[in-house]
Amino acid sequence: MIGETGFRVLLIGFWLAEFAFAALVTYWFVGEGFSDDEDVESGPKPLESSGYTLRSLAMWGGFFVVLLAMITLGA
Amino acid sequence: MVGQGAGVTLIAFWAVTMIGLAYYIYRRQNVTDTKEFITAGGRAQVGLTTASFAVTWMWAGDVLGVPEYVGITGIAGIWMYAAPAVLSSLIVIPFALRMRRLFPQGLTYSEYFIERFGKRAHLAVIAVLLYTMVLGGVIQLYVGGAVIGGLTGISTTVVIAALMGVVGIYILLGGLWSSMTTDFVQFLSAIAITLVFVPFLVFEAGGPGAIYDSMTTNLGSQAPAFLSMANVSAIEDLFLPYALGLGVWGVVSLATWQRVFAVRRDKTSRFLTVGGIGVFTTISMYGVIGVVGLAAFPEVAPGNITIETLGLLPEWATVVFLLVVLMVLGSSTDSYLTAIASLTARDIYFRHIDTEASDAAQLRVARGASIGFAVVIFAATVWALSNLGFVRLLLIGGIGASGLVGPFALSLFWRRTSSAGFVTGVVVSQLLTGFLLLGNAGFPLWIELQLWEIMAVGHLVSSSLAFGVSLVSPDDFRFETIAQGGSEIAADGGETDTGAGTETGGER
Numbered sequence: 021m022i023g024e025t026g027f028r029v030l031l032i033g034f035w036l037a038e039f040a041f042a043a044l045v046t047y048w049f050v051g052e053g054f055s056d057d058e059d060v061e062s063g064p065k066p067l068e069s070s071g072y073t074l075r076s077l078a079m080w081g082g083f084f085v086v087l088l089a090m091i092t093l094g095a
Numbered sequence: 081m082v083g084q085g086a087g088v089t090l091i092a093f094w095a096v097t098m099i100g101l102a103y104y105i106y107r108r109q110n111v112t113d114t115k116e117f118i119t120a121g122g123r124a125q126v127g128l129t130t131a132s133f134a135v136t137w138m139w140a141g142d143v144l145g146v147p148e149y150v151g152i153t154g155i156a157g158i159w160m161y162a163a164p165a166v167l168s169s170l171i172v173i174p175f176a177l178r179m180r181r182l183f184p185q186g187l188t189y190s191e192y193f194i195e196r197f198g199k200r201a202h203l204a205v206i207a208v209l210l211y212t213m214v215l216g217g218v219i220q221l222y223v224g225g226a227v228i229g230g231l232t233g234i235s236t237t238v239v240i241a242a243l244m245g246v247v248g249i250y251i252l253l254g255g256l257w258s259s260m261t262t263d264f265v266q267f268l269s270a271i272a273i274t275l276v277f278v279p280f281l282v283f284e285a286g287g288p289g290a291i292y293d294s295m296t297t298n299l300g301s302q303a304p305a306f307l308s309m310a311n312v313s314a315i316e317d318l319f320l321p322y323a324l325g326l327g328v329w330g331v332v333s334l335a336t337w338q339r340v341f342a343v344r345r346d347k348t349s350r351f352l353t354v355g356g357i358g359v360f361t362t363i364s365m366y367g368v369i370g371v372v373g374l375a376a377f378p379e380v381a382p383g384n385i386t387i388e389t390l391g392l393l394p395e396w397a398t399v400v401f402l403l404v405v406l407m408v409l410g411s412s413t414d415s416y417l418t419a420i421a422s423l424t425a426r427d428i429y430f431r432h433i434d435t436e437a438s439d440a441a442q443l444r445v446a447r448g449a450s451i452g453f454a455v456v457i458f459a460a461t462v463w464a465l466s467n468l469g470f471v472r473l474l475l476i477g478g479i480g481a482s483g484l485v486g487p488f489a490l491s492l493f494w495r496r497t498s499s500a501g502f503v504t505g506v507v508v509s510q511l512l513t514g515f516l517l518l519g520n521a522g523f524p525l526w527i528e529l530q531l532w533e534i535m536a537v538g539h540l541v542s543s544s545l546a547f548g549v550s551l552v553s554p555d556d557f558r559f560e561t562i563a564q565g566g567s568e569i570a571a572d573g574g575e576t577d578t579g580a581g582t583e584t585g586g587e588r
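Protein chains in written order, with this note's numbering: chain A, 21 to 95; chain B, 81 to 588.
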């Protein structure tokens with residue numbers, strides 16, 4: 021059973037994660053806008069590199085580590 | 081409860097804002113051809129696409145569903161609900177990268193099946209996708225109409241008609257551009273309000289310490305289980321059916337694929353990753369509503385926790401909550417309607433009815449379909465409200481995914497996958513899972529299975545039949561024959577050094 025401190029940490033963690041998500045997406049949008057208009061003339065961009073894909077997968081790995089830690093520590 | 085006047089004002093405000101935004105983006109992005117209407121020209125930036133993807137995955141039902149999960153099983157219900165919902169975003173990545181390697185600028189992913197297998201397989205896919213996407217729209221309106229109607233006193237049918245009418249109009253204007261732009265505003269509104277609204281609710285209930293104390297007191301002997309993240313006692317009923325059905329739903333959802341083809345090609349995995357993980361954080365915030373409900377209303381049925389908990393708030397906060405529901409509902413419903421319009425124009429009209437159709441004719445069909453299917457979704461929702469429960473609706477939607485994901489994966493990564501194997505796997509799986517889910521003891525050969533077992537049967541049957549039949553009657557497919565110009569696909573599906581793809585078929 022999770023303790024009161026753990027419970028508080030959980031609620032604060034949810035809020036901070038939501039805030040970070042909103043901030044990141046807003047930052048991207050403000051910096052990049054709606055569309056990449058260069059694409060109209062030059063055609064589609066090249067497919068992402070394997071290194072870029074691996075970084076995305078590493079983010080997923082981090083997410084599942086945090087999820088497992090949340091379940092384990094919150095047991 | 082807020083008054084009818086406040087409810088009507090809120091809906092009118094939302095309608096004017098969304099239609100105004102759609103008109104702005106229609107003019108700004110010059111939405112005058114099918115490529116712009118269906119995939120936003122394939123040049124949408126990652127921020128816009130991530131927001132659109134995430135808010136499409138935040139369903140109106142989540143506001144009721146997550147607190148209900150918490151009411152049934154405690155705080156573990158948060159991840160049991162959230163984890164399957166985001167699983168699709170991870171699973172779809174290899175599919176998305178493969179498809180964008182084959183088709184740098186595809187329109188609908190379902191058109192791949194006519195190139196890969198021919199018309200018979202394509203028609204099977206269309207059938208599955210059509211009912212899955214219509215159900216997606218119905219699921220949103222079902223909950224949204226009930227909640228908004230319930231809290232305002234406006235007739236549910238009137239609410240549903242108004243919502244569907246507004247969504248139909250703004251999709252008619254700008255297609256995916258309208259959907260993604262309104263999604264972005266809906267995303268910001270929903271998240272900003274959640275960031276303010278949920279903490280406000282917590283402090284209205286006395287703050288985290290008081291909530292914790294109330295939970296331990298009210299739950300008594302159940303407190304250790306309900307306050308444990310590792311409480312998996314309800315995993316068979318809550319987690320597994322959701323994971324096996326909706327957990328892979330994103331792979332077959334046209335709404336997902338429109339955003340995969342809309343985003344810049346070099347950002348494909350990033351928007352799926354950030355969007356997926358972001359959905360988890362939002363669902364977790366909805367879970368806090370359930371936690372407050374458990375502390376304040378221990379005797380209330382789990383399905384009613386959200387509504388009861390909102391009673392803690394003053395009327396203005398309930399209006400704010402309704403705005404969240406409207407935003408989340410609109411974003412998902414418009415995505416499914418855009419997807420159906422695209423499916424109708426490209427997969428049905430252009431591929432099967434008039435293969436010589438001009439781009440302008442396809443665009444007219446897409447716009448007509450956005451209104452026609454708005455009417456269909458409205459009628460289906462009204463019918464479902466009288467005849468089906470919400471959970472059953474969700475699970476019927478999951479059947480489509482269980483029948484299609486395995487054969488789709490085989491077709492993309494194994495060149496010997498044959499049309500006969502693909503069609504057999506999809507059709508038999510759909511029929512069998514439909515029979516198991518909707519049948520009863522009065523039917524011959526029917527056996528009672530748990531919901532997650534039905535989903536598992538669907539995956540197992542579709543994948544093993546597609547694989548087995550393809551082994552007996554194999555294809556020897558050359559991927560380069562369908563690869564779009566600019567792709568890097570070799571005959572065996574591997575990668576070339578030079579980008580040897582060939583230009584084929586119509587618009588692709």
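Warning: the hint list may mix true and false statements.
Computed, partial: chain A to chain B, Cβ under 10 Å [stated by the list, open to error]:
(1) Leu67
(2) Phe84
(3) Val85
Some chain A residues near chain B, calculated using beta-carbon distances under 8 Å [unchecked claim]:
(4) Met21
(5) Ala37
(6) Phe41
(7) Thr73
(8) Trp80
These aren't lab readings, by the way, just hints derived from the structure by calculation. Glycine is no exception: its CB is placed at the ideal position from the N, C-alpha and C atoms.
Structure-based check of all given hints:
1. Leu67: holds, 6 Å
2. Phe84: holds, 9 Å
3. Val85: violated, 12 Å
4. Met21: Nearest chain B Cβ about 4 Å off; hint holds.
5. Ala37: Given a least distance of 4 Å, the restraint on Ala37/A holds.
6. Phe41: This hint holds: Phe41/A lies near chain B, its Cβ roughly 4 Å from the closest one there, short of 8 Å.
7. Thr73: Hint holds; Thr73/A Cβ to chain B Cβ min 5 Å, cut 8 Å.
8. Trp80: Result: holds, 5 Å to nearest chain B Cβ.
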